[in-house]
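Q: As a plain string of letters, each chain reads:
Protein chains: 2
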Amino acid sequence: MPQIPTLTDISEAAERIRPFAHRTPVLTSAWFNEQTGVELFFKCENFQKVGAFKFRGACNAIGKLTKEEGERGIVTHSSGNHAQAVALAAKLNGYKATIVMPENAPKVKVEAVKGYGAEIVFCESTIASREETAQAIIQKTGATFIHPYNHPDVIAGQGTAAKELLEDVPGLDVMIAPVGGGGLMSGTLIAAKSMKPGILVFGAEPELADDAFRSLKSGNIEPVLRTDTIADGLRTSLGELTFHIIQTHIDDLVTVSEASIIRDMRNVWERMKIIIEPSCAVPVAAVMDKKVQVEGMKVGIILTGGNVDLDSFTWKS
Amino acid sequence: MPQIPTLTDISEAAERIRPFAHRTPVLTSAWFNEQTGVELFFKCENFQKVGAFKFRGACNAIGKLTKEEGERGIVTHSSGNHAQAVALAAKLNGYKATIVMPENAPKVKVEAVKGYGAEIVFCESTIASREETAQAIIQKTGATFIHPYNHPDVIAGQGTAAKELLEDVPGLDVMIAPVGGGGLMSGTLIAAKSMKPGILVFGAEPELADDAFRSLKSGNIEPVLRTDTIADGLRTSLGELTFHIIQTHIDDLVTVSEASIIRDMRNVWERMKIIIEPSCAVPVAAVMDKKVQVEGMKVGIILTGGNVDLDSFTWKS
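Chains as they are written, first to last, in the working numbering: chain D, 10 to 326; chain Z, 10 to 326.
Just so you know, these hints were derived from the structure itself, not from any lab. Bear in mind that the values here come from a model prediction, so they are computed numbers and not experimental data. A few of these clues could be false.
Quick list of the computed label-pair ranges, beta carbon to beta carbon [as the list claims (entries may be wrong)]: (1) D:GLU77 with Z:PRO206: 53 to 63 Å; (2) D:LEU16 with Z:GLU176: 29 to 39 Å; (3) D:THR75 with Z:GLY46: 33 to 43 Å; (4) Z:GLU120 with D:ASN42: 18 to 28 Å; (5) D:ARG32 with Z:ILE13: 34 to 44 Å; (6) Z:THR236 with D:LEU16: 26 to 36 Å; (7) Z:GLY46 with D:LEU319: 39 to 49 Å; (8) D:ASN102 with Z:THR236: 49 to 59 Å; (9) Z:GLY180 with D:PRO206: 36 to 46 Å; (10) Z:GLU120 with D:SER134: 40 to 50 Å; (11) Z:GLU43 with D:ILE13: 33 to 43 Å; (12) D:ASP237 with Z:GLU120: 40 to 50 Å.
The beta carbon of each residue, even a glycine, is placed where N, CA and C say it ideally should be.
The task is simple: from the sequences and hints, build the whole structure.
A: Written out as structure tokens, the structure reads:
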């Protein structure tokens, strides 16, 4: 298993990404506080570069490469926020990125990655094809593969969001993050528990992608069984490293329904006037549905990103 | 004609509303800067209380009343952001607000006003009926009428947004606001021109509601001829006071097409991850379409509000 990152790694990551990443604002909402009886603090990673926290991890991992490694290029396979994050982080560091994407990836995501200057190599729409295609590139060029979550430097980078949140709101009693592959959750656990040992840290998952919940019960990494949750960022199973960190440190992990995710995505849009992607609404729904017992407490929620396909809405013209 | 407010009135308004209103953030966008060749600063009144700058004016006008006046109640007629602004500002000052609304007003707006604790009196859907109904209440109760824009204290309140923007970004060369009834435009002109005499201040209107543009040409207040612009906050003619202030101080007033308004409303949602109402996109479109010559300059844009009816979108469930 790779090295487990520490608060020192997260602090170094914060320094490393500072010239490139935004220190995102923390918003509050009188309406959500009234509805929940909780004092909520929203860390707005939807305002992060590429519109998602993923930029932090990619930027840290790529920034840590030696010049020689970087100049052999960066590879990843993803059709989501990690692809854009790697593309931009590579560009800002002056390196070349190659992103392996399934040939049926949405055009808007392909264009976004191209817009950040990365090369795209298409593959068949299977995990096996993605991995083989990436491996072939690595063997040919010596490029470095940046895993989207099961990677200590990526986890340390993601932990910088929780670090900033706790610096801005030192009085937090609780922090909640959503769980997909577990990179954000792992970084959040390490940062929060190291900086403030008494803090509670919860994870939240869609009921339809409750693999981490089942993994904690069984003690083994369980697969995601279906991929139809609206929270498209959370359709991923844990990795060996993220599972270990989560298993060791998490206080509780709860699940929420699709209806609650949609309700609170809309509530955030309507009440807070910010665009969040469905994954962000998962921890919000956990508080609204009282899946976690946090009444009267100060609770930090990490809003993971704002990349929604607005084409799925009708725009009057 | 009522007294024209000065920078002193705006500074006093700022003190008066400070306990109640948000000092809203100023956001920037690398994407918009690249697209336009302009350094843009967005003053986010979509994050203001009740989701719009209108709260500033209502809060100032109501806060300036004597206790005796306030206790006789507040009246206005509106189905838009001003209604919610008056309702909340009255509540926060401990006064009773009565809002006259047309009987066909959208239920969501009626509920919003009720939610802020105001009483609603329904009337027929004509201007005459609105004014008669409001007058009847005033004669019966001695309540004070708060006009949505043609009122010096409302104008002074709206001017606090421009004041804050110039305090936060003193290097601004230009400020642009949309023009509806002219309250925000008037307050912006007085604040900006008094604080920084060399600054250019432009107004922007939809082509379909170009009454202020025509009024400046003719020298008389011209009516809005049609009410079908998507920018629902700007379907209003100027008042005597706002026309005078705008005529005296404005550097230029430009118009933009519906297609451009929709394009840039969407661009702001997609690129900045914030929800703005269509009226906000009018000055953005003026810059994007080069209707104002501001290349290479620092330009402040006041984003007026974020109250969009999300029911007009499809929400997967």
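Q: Under the constraints set out in the numbered hints, which ones does this structure not fulfil?
A: 6, 7, 12
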